[in-house]
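Sequences listed follow chains E and D, in order. Residues 1078 to 1313 in the working numbering are what the first sequence spells out, letter by letter. Residues 1078 to 1313 in the working numbering are what the second sequence spells out, letter by letter.
No lab work stands behind these hints, which were simulated from the structure alone. The structure presented is a predicted model; accordingly, all values stated were derived computationally and were not measured. A few of these clues could be false.
[As the list claims (entries may be wrong)] A few chain E positions that, by computed beta-carbon distances, are all more than 12 Å from chain D:
no., residue
1, Ile1082
2, Gly1091
3, Pro1100
4, Leu1109
5, Asn1160
6, Leu1181
7, Gly1229
8, Asp1246
9, Ile1285
10, His1291
11, Ala1305
12, Pro1306
[Claimed, not checked] Once the Cα atoms are required to be at most 30 Å apart in a straight line, the calculated DSSO-like pairs of lysine-lysine come out as:
no., chain 1, residue 1, chain 2, residue 2
13, D, Lys1223, E, Lys1176
14, D, Lys1244, E, Lys1296
15, E, Lys1133, E, Lys1107
16, D, Lys1176, E, Lys1223
17, E, Lys1176, E, Lys1296
18, E, Lys1223, E, Lys1133
19, E, Lys1226, D, Lys1223
20, D, Lys1296, E, Lys1133
21, E, Lys1223, E, Lys1146
22, E, Lys1176, D, Lys1226
23, E, Lys1296, D, Lys1223
24, E, Lys1133, E, Lys1176
25, E, Lys1223, D, Lys1223
26, E, Lys1244, D, Lys1244
27, D, Lys1133, E, Lys1223
28, D, Lys1226, D, Lys1133
29, E, Lys1133, D, Lys1244
30, D, Lys1133, E, Lys1296
31, E, Lys1176, D, Lys1296
32, E, Lys1146, E, Lys1133
33, D, Lys1296, D, Lys1244
34, E, Lys1176, D, Lys1176
35, D, Lys1296, E, Lys1223
36, E, Lys1226, D, Lys1226
37, D, Lys1176, D, Lys1296
38, E, Lys1226, D, Lys1176
39, D, Lys1133, E, Lys1244
40, D, Lys1176, D, Lys1223
Where a beta carbon is used, it is the ideal one built from N, C-alpha and C, also for glycine.
Take a look at the letters that make up each chain.
There are 2 protein chains.
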Amino acid sequence: MRNMIIASTSTIYGSEYLEYLTPVLSERLKGLGISEVIFIPYARPGGISHDDYSNKAGLAFAKMNITIKGIHTFENPIQAIENAQAIFTGGGNSFQLVKMLHDLELMMPLRRAIYSGVFYLGTSAGSNICGLNIRTTNDMPIVQPKSFKATGAIAYNINAHYQDPIKDDMHMGETREQRIQEFHIYNHLPVVGLREGSYININDTSEILEGPHHARVFKPNQPAIEVAPGFDFAVL
Amino acid sequence: MRNMIIASTSTIYGSEYLEYLTPVLSERLKGLGISEVIFIPYARPGGISHDDYSNKAGLAFAKMNITIKGIHTFENPIQAIENAQAIFTGGGNSFQLVKMLHDLELMMPLRRAIYSGVFYLGTSAGSNICGLNIRTTNDMPIVQPKSFKATGAIAYNINAHYQDPIKDDMHMGETREQRIQEFHIYNHLPVVGLREGSYININDTSEILEGPHHARVFKPNQPAIEVAPGFDFAVL
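Given these sequences and hints, build the entire structure.
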């Protein structure tokens, strides 16, 4: 039993924080009778403080009449996860996020909560930790976590903010596709490239692509394929 | 006593592998009487094999009448570094490169060789390992090294393939500058953003920016500054 929304990004171009997700989130949380969400602010985008980040999330959820509580305000964060009605992990730096989750021994409680059916929303770095590890993050490794392992809430890795190659680009750095192909030299896990505005809607065993874009699926030793909204990633 | 060329990239747009560096390299190696370079192919760009990568480097150096020997062909790679006339570490994935260097216990021998004056050429990932750690790499963390620590051949970190923000970009991922600013939330080391075509020419205590571009220098709690070719990074 899982109940999740795994989004490429919190914010699409020209729109407010979480705005594009508000209709689907609002309906989902109302249906589940959820009034409070535990927020995990550890990814700290731009180095924002845990308090400021929780306030930012709080403002977006207030529009849905939902209260946000930052996990950093609990004396016992493991209990906070165990008792949560719902959990939201915001984006930012995946290395810092995973470092904190490992240092505080929260990764396994988070995994258990997700598999027990607690509603989970992830955006960007918060979506990366739904995969088996953060080896397909785009983030800079500004801190060194004990381990790259993540929750394994899904059986593949996410590449958030997936970007197609820029036509006629004169920059010699690798494209996103080349990076994921290099990942497959050393790893056998499928990777889902989620474009900004796409999200995976998980209800128990179905893992459906939603939003306006196709997603790009990478498997080792196979050409990448495009899948349309409505595709069920549970087949991967 | 150090003797190094630390380059943003091996290859500039529209040019062959190492072509833009060949004049300066050729003169430098001739002046030092170097006939053989030990090549470190571990970063494996695109997953290329150690042999194929060494052959590619060999072709570029053959034009300078220099022989390349891949370090992977030595029974004792530590001795290979200790006995090297010169060392070249090619680009690719910084995590895989650093993983191999730590697994094979080559990081400290490499540092000692550099400080003893053995000529060192780094491009891209091979330049990242000249800094104190690889926390400012742009690469995907496709493997997990024991440590992010690097040689510390210079007293700052490199950001290779430095890219300016793309004007009017609708993508919501972080810019390179934002990533380096996040690095400075957790780290105090200066960072040099080296644009493609730029390199640092190190002769003993001078660390001069060369090539056609300015470089961008980042320090914690200070606005980034642009420095022109001829700038000496030793002042950082």
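Outcome of the hint check:
| no. | hint | in the structure |
| --- | --- | --- |
| 1 | Ile1082 | 17 Å, holds |
| 2 | Gly1091 | 8 Å, violated |
| 3 | Pro1100 | 19 Å, holds |
| 4 | Leu1109 | 28 Å, holds |
| 5 | Asn1160 | 30 Å, holds |
| 6 | Leu1181 | 16 Å, holds |
| 7 | Gly1229 | 16 Å, holds |
| 8 | Asp1246 | 9 Å, violated |
| 9 | Ile1285 | 23 Å, holds |
| 10 | His1291 | 17 Å, holds |
| 11 | Ala1305 | 22 Å, holds |
| 12 | Pro1306 | 20 Å, holds |
| 13 | Lys1223/D <-> Lys1176/E | 15 Å, holds |
| 14 | Lys1244/D <-> Lys1296/E | 33 Å, violated |
| 15 | Lys1133/E <-> Lys1107/E | 21 Å, holds |
| 16 | Lys1176/D <-> Lys1223/E | 15 Å, holds |
| 17 | Lys1176/E <-> Lys1296/E | 27 Å, holds |
| 18 | Lys1223/E <-> Lys1133/E | 29 Å, holds |
| 19 | Lys1226/E <-> Lys1223/D | 14 Å, holds |
| 20 | Lys1296/D <-> Lys1133/E | 28 Å, holds |
| 21 | Lys1223/E <-> Lys1146/E | 26 Å, holds |
| 22 | Lys1176/E <-> Lys1226/D | 17 Å, holds |
| 23 | Lys1296/E <-> Lys1223/D | 26 Å, holds |
| 24 | Lys1133/E <-> Lys1176/E | 22 Å, holds |
| 25 | Lys1223/E <-> Lys1223/D | 9 Å, holds |
| 26 | Lys1244/E <-> Lys1244/D | 16 Å, holds |
| 27 | Lys1133/D <-> Lys1223/E | 36 Å, violated |
| 28 | Lys1226/D <-> Lys1133/D | 28 Å, holds |
| 29 | Lys1133/E <-> Lys1244/D | 27 Å, holds |
| 30 | Lys1133/D <-> Lys1296/E | 28 Å, holds |
| 31 | Lys1176/E <-> Lys1296/D | 24 Å, holds |
| 32 | Lys1146/E <-> Lys1133/E | 11 Å, holds |
| 33 | Lys1296/D <-> Lys1244/D | 24 Å, holds |
| 34 | Lys1176/E <-> Lys1176/D | 19 Å, holds |
| 35 | Lys1296/D <-> Lys1223/E | 26 Å, holds |
| 36 | Lys1226/E <-> Lys1226/D | 20 Å, holds |
| 37 | Lys1176/D <-> Lys1296/D | 27 Å, holds |
| 38 | Lys1226/E <-> Lys1176/D | 17 Å, holds |
| 39 | Lys1133/D <-> Lys1244/E | 27 Å, holds |
| 40 | Lys1176/D <-> Lys1223/D | 6 Å, holds |
When the structure is compared with the earlier hints, violations turn up for hints 2, 8, 14 and 27 and for no others.
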